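Can you build the whole structure from these sequences, using the hints too?
Residue numbering for the sequence shown is 1 to 249, as defined by our numbering.
If you are wondering where the hints come from, they were derived from the structure by calculation, not from laboratory data.
Computed from a predicted model, the values in this text were never measured in an experiment.
Even for Gly, the Cβ is constructed at its ideal location relative to N, Cα and C.
Hints are supplied without guarantee of correctness; some may be wrong.
Within a straight-line C-alpha distance of at most 30 Å, the following computed DSS-like cross-link-like pairs (lysine-lysine) qualify [claimed, not checked]:
no.	residue 1	residue 2
1	K140	K236
2	K172	K246
3	K204	K54
If you anchor each label on the Cβ, the simulated ranges turn out as follows [what the hints assert, rightly or not]:
no.	residue 1	residue 2	range
4	I249	K172	41 to 47 Å
5	E63	R43	44 to 50 Å
6	K140	S166	16 to 22 Å
7	A108	D181	40 to 46 Å
8	S202	D30	17 to 23 Å
9	P75	N243	35 to 41 Å
10	K96	A227	43 to 49 Å
11	I249	A83	32 to 38 Å
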Amino acid sequence: MKKLVGLLWLPALLMSGELKTSLLQAKKQDKPLMVMVTSTSCRYCTKMKNVTLKDTEVKKNLEGFLFTQVDKENPEAKRFLPAVSYAPTVFFVSPKWKIVGGANGYLAPYKFNDLVVRTRTQLGMPSEEGGSPAAPKQDKWMYDLASAADYASQTGKQVLVFVQSSKSKYSKLLEKKALSDSTVTQALENFVWVKVNYGDESAKAYGIDPSGVPSVYFMNSDMEELAVAAGYFEAKDFLAWVNYAKSKI
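Structure (structure tokens):
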């Protein structure tokens with residue numbers, strides 16, 4: 001119990017604890033719980049703790065949350081949480097034990113703050129400035145390419161890299177239509193989804209440097225290119241690219 005009390009005042013102070021105890025404490029105190037799922041060989045867990053969770057705005061918006069972390073192999077994690085194949089994974093749990101938001105993999109402070117703000121909105125909690133006031137959901141996207149590559153190498157999944165620009169109407173349209181189509185998403189269920197901005201330097205390190213947007217790169221688990229769909233495609237045509245990329249695995 002003691003380890004959770006301090007977290008009411010220092011939400012970014014990470015302390016290990018029993019997940020069941022933390023859930024009971026959240027229900028008793030009527031406070032939401034942030035659960036960080038880690039593993040023994042998780043380098044991005046350390047980055048998440050030392051960079052993202054120490055960010056000033058993130059700490060402000062985590063006020064009022066209890067916190068616990070649990071190893072993904074812990075029996076309680078397997079009992080109380082959805083299946084987790086990669087760490088870090090974060091879940092936000094309401095006092096009534098409903099998962100109201102979460103994300104897989106490392107998130108930079110500004111992205112994680114967006115998630116926290118949306119979660120606070122969903123829970124009816126006031127929030128500091130920053131973030132988007134949309135209802136939260138489990139984000140299918142990762143935003144750190146190195147973290148996604150690590151995820152793929154651990155799980156054997158392939159990688160989809162969506163190169164986009166906020167100024168490109170066709171980037172928005174591709175995400176809204178083809179990348180949200182149920183047939184497409186089902187065909188891509190064994191892919192790690194990564195979203196990067198046009199000109200991203202970290203993407204160039206993996207040979208991802210398109211001449212325009214939107215562009216979608218399909219990579220294998222070793223981050224070797226399978227195919228590149230450059231430009232806008234309707235769902236049916238984009239699915240053909242997906243199937244072509246999968247045929248190259």
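So, going through the hints one by one against the coordinates:
1. K140 / K236: Holds - the C-alpha atoms of K236 and K140 are around 21 Å apart, at most 30 Å.
2. K172 / K246: 24 Å, holds
3. K204 / K54: Given pair K204, K54 holds - Cα atoms ~28 Å apart, limit 30 Å.
4. I249 / K172: 41 to 47 Å: 29 Å, violated
5. E63 / R43: 44 to 50 Å: Given about 28 Å between the Cβ atoms, the range is violated.
6. K140 / S166: 16 to 22 Å: 18 Å, holds
7. A108 / D181: 40 to 46 Å: About 28 Å separates the Cβ atoms of A108 and D181, which means 40 to 46 Å is violated.
8. S202 / D30: 17 to 23 Å: Distance hint for S202, D30 is violated at roughly 41 Å.
9. P75 / N243: 35 to 41 Å: Given range 35 to 41 Å: holds, Cβ gap about 39 Å.
10. K96 / A227: 43 to 49 Å: 45 Å, holds
11. I249 / A83: 32 to 38 Å: The hinted range 32 to 38 Å is violated for I249 and A83, with Cβ atoms some 23 Å apart.
When the structure is compared with the earlier hints, violations turn up for hints 4, 5, 7, 8, 11 and for no others.
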